[in-house]
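Could you use the hints to bring the two separately framed chains together as a complex?
Now for the letters of each chain:
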Amino acid sequence: EYEPSHIYLNRAVSAGAAAVVSARTYADFTNEATFEIKKCDTFKLDEGPATQVVMTRDEGLQYYRTMQTMRRMELKADQLYKQKIIRGFCHLYDGQEACAVGIEAAINLSDHLITAYRAHGYTYTRGGTVKKIMAELTGRRGGIAKGKGGSMHMYCKHFYGGNGIVGAQVPLGAGVALACKYQGNSELCVCLYGDGAANQGQIFETYNMAALWKLPVIFICENNGYGMGTSVERAAASTDYFKRGEFIPGVRVDGMDVLCVREASRFAADYCRSGKGPILMELQTYRYHGHSMSDPGVSYRTREEIQEVRSKSDPISMLKDRMLSNNMASVEELKEIDVEVRKEIEDAAQFATTDPEPPLEDLCNHIFHNNPPLEVRGTNPWSKLKSVS
Amino acid sequence: MLPYSGSVSLVSSFLFPPLQFVPPPNRSDWLCVVTPSVRRVTRSSDWSKSRRFPTGLAHSPAEDSLKMAASLRCFLRSGKKAVSALGQREFHRSAPAAAQVTVRDALNQAMDEELERDERVFLLGEEVAQYDGAYKVSRGLWKKYGDKRIIDTPISEMGFAGIAVGAAMAGLRPICEFMTFNFSMQAIDQVINSAAKTCYMSAGLQAVPIVFRGPNGASAGVAAQHSQCFAAWYAHCPGLKVVSPWNSEDAKGLLKSSIRDDNPVVFLENELLYGVPFEMSEEAQSKDFTIPIGKAKVERAGSHITLVSHSRYVGHCLDAAAVLAKEGIECEVINLRTIRPMDVESIEASVMKTNHLVTVEGGWPQFGVGAEICARIMEGSAFNYLDSPVTRVTGVDIPMPYAKILEDHSLPQIKDIIFSLHNLVLIIVRNGNYSFVFAEFLICPYLAATKPNLH
Chain A
1 EYEPSHIYLN RAVSAGAAAV VSARTYADFT NEATFEIKKC DTFKLDEGPA
51 TQVVMTRDEG LQYYRTMQTM RRMELKADQL YKQKIIRGFC HLYDGQEACA
101 VGIEAAINLS DHLITAYRAH GYTYTRGGTV KKIMAELTGR RGGIAKGKGG
151 SMHMYCKHFY GGNGIVGAQV PLGAGVALAC KYQGNSELCV CLYGDGAANQ
201 GQIFETYNMA ALWKLPVIFI CENNGYGMGT SVERAAASTD YFKRGEFIPG
251 VRVDGMDVLC VREASRFAAD YCRSGKGPIL MELQTYRYHG HSMSDPGVSY
301 RTREEIQEVR SKSDPISMLK DRMLSNNMAS VEELKEIDVE VRKEIEDAAQ
351 FATTDPEPPL EDLCNHIFHN NPPLEVRGTN PWSKLKSVS
Chain B
1 MLPYSGSVSL VSSFLFPPLQ FVPPPNRSDW LCVVTPSVRR VTRSSDWSKS
51 RRFPTGLAHS PAEDSLKMAA SLRCFLRSGK KAVSALGQRE FHRSAPAAAQ
101 VTVRDALNQA MDEELERDER VFLLGEEVAQ YDGAYKVSRG LWKKYGDKRI
151 IDTPISEMGF AGIAVGAAMA GLRPICEFMT FNFSMQAIDQ VINSAAKTCY
201 MSAGLQAVPI VFRGPNGASA GVAAQHSQCF AAWYAHCPGL KVVSPWNSED
251 AKGLLKSSIR DDNPVVFLEN ELLYGVPFEM SEEAQSKDFT IPIGKAKVER
301 AGSHITLVSH SRYVGHCLDA AAVLAKEGIE CEVINLRTIR PMDVESIEAS
351 VMKTNHLVTV EGGWPQFGVG AEICARIMEG SAFNYLDSPV TRVTGVDIPM
401 PYAKILEDHS LPQIKDIIFS LHNLVLIIVR NGNYSFVFAE FLICPYLAAT
451 KPNLH
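Taken in order, these protein sequences are the chains called A and B.
Start counting the first sequence at 1; every next residue gets the next number (full-length UniProt numbering).
Start counting the second sequence at 1; every next residue gets the next number (full-length UniProt numbering).
Okay, chain B solo, but in the shape it has when bound (with noise of 0.2 Å):
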């Protein structure tokens, strides 16, 4: 090992064997550490464009360390603001008769523009009439329509599920909402027995035209059993469509679509996000502004590394790759937007441009959206173009902590993501200041800094 003289110097690996990663102890300390990728490149990747980077010394001048540490500590500080501060500044470009919406008024206004075009959809759910919603969501819906489609339950859903999916298959298009997703558990064998199911077992004869919405995953200090991300649960079964929106456009357009369908939808939605403001086209405002379901979108094009995500991580995505493209890596930033039917066409077009993938997600690792994301691209053609294998960024393998130390370190942070391409990146440490290098082609030795002092 050698030591740290304020300069890093880069010894050929034949002095010294590539080791193994070990992860450091404490985030917020932070060792400098690179695993050589000793991958041969292969033929069919494009590595004459990574040969655009320094290989060597990076350094930054002066101006550029100070932002780089600036912008590394805003986001070691994990939080709201940090996430909401770094994602508004990609929105500046505006169309010319674009607005800002919140995730809730796109919602609000897809069911509004659903109830008013179809007279058979109703929604469903407890608190949603005269409450206005438990998040709000449903603001104003029920002095608008009344008692007859905007209905209050009480609090039985297995029992208010099953209503719905029965309402379903006689005719009507019910909203049924859960106050949380974590509370559909009581009601998983309606919508999974009764609604998913029954389409196939009746050879077609018998639809259910429903779709089951409500915030899913985790809040904000609101412990084990109110955090669980049902992503990887519902997407699990056949007879299910399951969508997961992230901004304000996709929400609109996905709960349109989803309204629309004659069958069954999953629409997992994210209570995070619901006062964060979009940039919502003239296009999406309109009455008739659908996405179809099972298309993802890049947000974001790049040519180094593809980041896929659904729901809020898109933002996290974003703001890894804005910090990561100040160094000069770019990386492709995809919405799955749905995550069944799972557009992995657009992932693997992604993986056969960039050869690196790595997946993000709120939800427990252990058969989860990037576990599927893993096994569909080592089964597809987009194999052969991976240049090292696919990293899954995730939540914890804990049920939700309460406390916020905890909380905060028990889901991905932008540093996560960007931490996570350590066999991709080399992360030099040079005073205090960090770095970013793609080092696809570097095999360097396990180089240890002293502690830098970020705070």
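Chain A on its own, in the form it takes in the complex (with noise of 0.2 Å):
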């Protein structure tokens, strides 16, 4: 189910693997540059994250293909959602693939992660395969989880969904968080929510108590605008959600940029591990989708103004823009890896659309876990179905 070969070593990575892993270096590329980001603004915070980062080469190219990746797969899953081979929710997160990049950026694996339903993109960043993401989409024994779960109940190592019910993950992280600081091994939880779910009791109550209990958790808000089909203003008093942690600390980001992305989470992470409690973020960042799949995304925003942020600010064309005016790689060479994408990903579309659905033995299985098989009722009273853990 963890499969991370594809992602390339963050920046936790020695120099000298990461100058192995990049085998075809040309000479007349700079290895690295310094870039100017966007001042973050802060809550309670004496200082924020830096202004000026340092990308290497390398990692850009990482962050170009993940973030390609990320909008194929989606973009694909789109595709086959208006074919009716994919069915149900599906939440697209094509417009905020800078969130989920330049947090795991942030992050290591062995840290915790946990979001709402727009997962897909989180499950790759977290060790998820395209294959596995999007056989569970069309709900084949290949997908992540057997076919069982669906778009919003991916599930890999330290990555716990993929929750559908709004501001449930939140509690569900600062515990995870609890766990972490319980057994002291200064991991983290990073915990994702949207602007929707910013409003919810439960994470007021989860607030409260990481809080009081010091918890290792970064909040994240990712804000794209739109609560479903209600924009921020109108669902919120206070539209500054990273203030709304009252007495917790908190930065408002640029969600589009991946620098800004990557530098505010080192900056919470960071803070975090030295055991300072809890940090939260907003994300200010878009999406191009409707809310889901059943929602064309026109009816509360105009088409100009997706337009807009599509040709302004996509997170993608940032990222070319800037390696390639600081000629940190050619046009064939990030063309090169579009093609690549693009095959990863037919090959993962065809394997999803193949892949035959689970058996119907599997139908009552992992009800519990370790124990023993167990007699489920079936539809009527002498269908007896097996149920195994």
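These are calculated hints, taken from the structure and not from any lab test.
It is possible that part of the hints are untrue.
With a cut-off of at most 20 Å between alpha-carbon atoms, the simulated EDC-like pairs for lysine to aspartate or glutamate come out as follows [claimed, not checked]:
(1) B:Lys197 - A:Glu375
(2) B:Lys295 - B:Glu348
(3) A:Lys157 - B:Asp262
(4) B:Lys287 - B:Glu116
(5) A:Lys335 - A:Glu36
(6) A:Lys384 - B:Glu348
(7) B:Lys148 - B:Asp189
(8) B:Lys297 - B:Glu282
(9) B:Lys197 - A:Asp362
(10) A:Lys384 - B:Glu379
(11) A:Lys320 - A:Asp41
(12) B:Lys148 - B:Asp118
(13) A:Lys214 - B:Asp152
(14) A:Lys384 - B:Glu345
(15) A:Lys386 - B:Asp343
Facing chain B, according to a computed beta carbon distance under 8 Å, are these residues of chain A, among others [stated by the list, open to error]:
(16) Phe29
(17) Ile165
(18) Ala168
(19) Leu172
(20) Gly173
(21) Leu178
(22) Ala179
(23) Tyr182
(24) Gln202
(25) Glu205
(26) Met209
(27) Ala211
(28) Ser389
No residue lacks a Cβ here, since even glycine has one placed at the ideal position from N, Cα and C.
Listed below in structure tokens is the structure:
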């Protein structure tokens, strides 16, 4: 279920190993460059994340590849949904790729992450393969949850889903952080929720307990401007989501810039790991699709707005421009990556459409963990189905 | 209708057609009523055993009737005293090294032993640490284990239940205490959607080894918002195990098993039982004593009627059985112990022996534990062995009132259990005394009596 081989090594890796990985290093490319990023608004913090950041060529290529994979995967899911091969819920993440990639760049795979239902991107960055993700969307036995969970319930190591109930994942995330603190392993938990969920009562209960017990949790509000069809102005008395933690320090971050997200996440992770307790980040981002596949996404916002964001703030374009203008990669190289990504997605989609559905024998399995086999009542009294753990 | 003349005469049903049972308007006034059990006996029931009982007049010698009146008066007056007085009489037979342990202490021991055994186990809830537990169930644990393992939470059920579930997902083994299960409704989304369903949704990747425990059901004088029984609510959901202990052995053994189980368990205690001492055998006092989840226990063997119950009402059933035993009616009392998965096999085996079934519970009748038992018995092989429909004795279908007299009449009392057998037992009133006759074959008319003076 967890195959990290395609994920390039992150900043924790030594320079020597990084050099081995990129076999085709063109001598005339800049290996690293410094970028000026937007200053983050802070709340109850004396200093914020750095505004001058360094990105290496390898990091840039990795971020580009990952974001492009996520983008293409979501667009493919859109296509398959319209062909009715994917059914039910499908909440797409395109436009918000910088958030997932930036966060993952700042934490380790040994840290923990939990999010809500717009989870395909995070499943990928946490170690799920595109093949398994797409097969889960199409409900096949090769899916990451064997077809039992679907779009909103994907799990892998140190990734707790994929949660369907808005806001319920926030206390869960604080609980994971409690376990980290309890076990004393200096891991932390990144706990994501949206601008719509930010008004849930249980989130405020969680802020209180996390601050009280100094849990190592980073609360991240992915503010994409709309909670389903309700804009933030119509839903929240205060749209300064990074201040809603009241006694928890907060940072407001440009969520369309992967370096901004990365830098802020590094800042937050350092804060948490030093034992100071929770911290809140608001990522200002945007989703191109509607809330889900059943929402065209244009009844509550204009096409012009979507087009404007796409042309001015698209995360992949921004990263591409940065790399090209700093001579960190060539157009052909990036095109090559695009081609590879497209192929990967095609293969995954092929697998997802041809893999057989789960066997009927699997219907009642996995109700319990580590349990002796039991009998489950079927639709009528004489139908006794078998369930194994 | 025959006038009551000091002796009861039975008239054959040919003269009087069977009438519907009309319940007495007021339980403490009491009409002698019997419904004819006009069912033909099926081939599979052993009706010859019923013939051992007098099918005519049942008069007891003077001292027996005095005893009978006394015990009836005792249980007609509801209340804890009557219960425990009768209850304790049953437990005189003791093993050599057995001890009297209250349910509270048994739960405390169970948690203490499991906290010691596995350092991933921890307890969180309101007032569990420095207050020693709202009902003192976790007394002494904070002093012994400290802040890390016994955690006082703010009043945020949804928040801390979610935190507990998250901790369970990340590898710990939390015990999440709800001050009463009424407050678990605030957090029920976390119990069902985050805990119960996760193992299935993740196809076994993500386990949630958590125990939700706390007092369930009616207490004394706490009124409607604090008296609901949640056994039926939680037992409805796949992915949960629901456990409802009665005595100290049950409490300790089942709590230990629940904590050791890798799945979400809802552990329904009862506040009124916390202070009740029960005999605990030496074996039960050991550190490795566990009771398997999913197995019921036959508390009292019998051959005429099966009474099935859980939690506090097991005691009521045993008391009712004691009263009926004086008349030679032997009830088999089954303590369910686990509501989900329910041990229907034990109930079926008992029904195949006794041919009659009564379920007793404190919860409301609609869609309750008794309703489920009825459905399962009807669907299963024991249906053919039933000689009469299953009777459910439940709480009254109302929110719990406050006034004592109203509260007492909102819950099953021992007399309700006995009177629920109206279609099986001929209850004869004579000169103010009661006698019971197992009247499976009696086809008798409706007898009315003058109001006897009970008090």
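Evaluation of the provided hints:
1. Straight-line distance between C-alpha atoms of Lys197 of chain B and Glu375 of chain A comes to about 18 Å, which keeps the hinted pair within the 20 Å bound.
2. With a C-alpha separation of about 13 Å, the suggested pair Lys295 of chain B and Glu348 of chain B falls inside the 20 Å cut-off, and the hint holds.
3. With a C-alpha separation of about 18 Å, the suggested pair Lys157 of chain A and Asp262 of chain B falls inside the 20 Å cut-off, and the hint holds.
4. Restraint check for Lys287 of chain B and Glu116 of chain B: the C-alpha separation of about 10 Å stays at or below 20 Å, so the hint holds.
5. For the hint pairing Lys335 of chain A with Glu36 of chain A, the CA-to-CA distance comes to about 26 Å; that exceeds 20 Å, so the pair is violated.
6. With a C-alpha separation of about 17 Å, the suggested pair Lys384 of chain A and Glu348 of chain B falls inside the 20 Å cut-off, and the hint holds.
7. Distance restraint check for Lys148 of chain B and Asp189 of chain B: the Cα-Cα separation of roughly 26 Å exceeds the 20 Å cut-off, and the hinted pair is therefore not satisfied.
8. The suggested pairing of Lys297 of chain B with Glu282 of chain B holds, with an alpha-carbon distance near 19 Å, which does not exceed 20 Å.
9. A C-alpha spacing of about 16 Å is found between Lys197 of chain B and Asp362 of chain A, which places the hinted pair at or below 20 Å, so the restraint holds.
10. A C-alpha spacing of about 12 Å is found between Lys384 of chain A and Glu379 of chain B, which places the hinted pair at or below 20 Å, so the restraint holds.
11. For the hint pairing Lys320 of chain A with Asp41 of chain A, the CA-to-CA distance comes to about 26 Å; that exceeds 20 Å, so the pair is violated.
12. Distance check on the hinted pair: Lys148 of chain B and Asp118 of chain B sit about 14 Å apart at the alpha-carbon level, within 20 Å; holds.
13. At most 20 Å may separate the alpha-carbon atoms for a hinted pair to count; Lys214 of chain A and Asp152 of chain B meet this at roughly 14 Å.
14. Taken as a hint, the Lys384 of chain A and Glu345 of chain B pair is honoured in the structure, with Cα atoms around 14 Å apart against an allowance of 20 Å.
15. As the CA atoms of Lys386 of chain A and Asp343 of chain B are separated by approximately 17 Å, the hinted pair is consistent with the 20 Å bound.
16. At its closest, the beta carbon of Phe29 of chain A sits 41 Å from a beta carbon of chain B; the interface hint therefore is violated under the 8 Å criterion.
17. Below 8 Å, beta-carbon pairs count as interface contacts, and Ile165 of chain A has one with chain B at about 5 Å; its hint therefore holds.
18. Because the smallest distance between the Cβ of Ala168 of chain A and any Cβ of chain B comes to about 6 Å, under 8 Å, the interface hint for this residue holds.
19. With 8 Å as the threshold, the beta carbon of Leu172 of chain A comes within range of chain B, its nearest partner Cβ sitting at about 4 Å, so the hint holds.
20. Here the hint on Gly173 of chain A is kept, as its CB sits about 6 Å from the closest CB of chain B, short of 8 Å.
21. The interface hint given for Leu178 of chain A holds, since its Cβ lies 5 Å from the closest Cβ of chain B, which is under the 8 Å cut-off.
22. For Ala179 of chain A, the shortest C-beta to C-beta distance to chain B is roughly 4 Å, which falls under 8 Å, so the interface hint holds.
23. The closest approach between the C-beta of Tyr182 of chain A and any C-beta of chain B is roughly 6 Å, which is under the 8 Å cut-off, so the hint is satisfied.
24. Interface hint at Gln202 of chain A: satisfied, since its Cβ lies 4 Å from the closest Cβ of chain B, which is below the 8 Å cut-off.
25. Annotation: interface hint on Glu205 of chain A holds; nearest CB of chain B at approximately 3 Å, less than 8 Å.
26. The interface hint given for Met209 of chain A holds, since its Cβ lies 6 Å from the closest Cβ of chain B, which is under the 8 Å cut-off.
27. Annotation: interface hint on Ala211 of chain A violated; nearest CB of chain B at approximately 11 Å, more than 8 Å.
28. Interface hint status for Ser389 of chain A: upheld, as the beta-carbon distance to the closest one in chain B is roughly 7 Å, under 8 Å.
The structure does not agree with the numbered hints 5, 7, 11, 16 and 27 stated previously, though it agrees with the rest.
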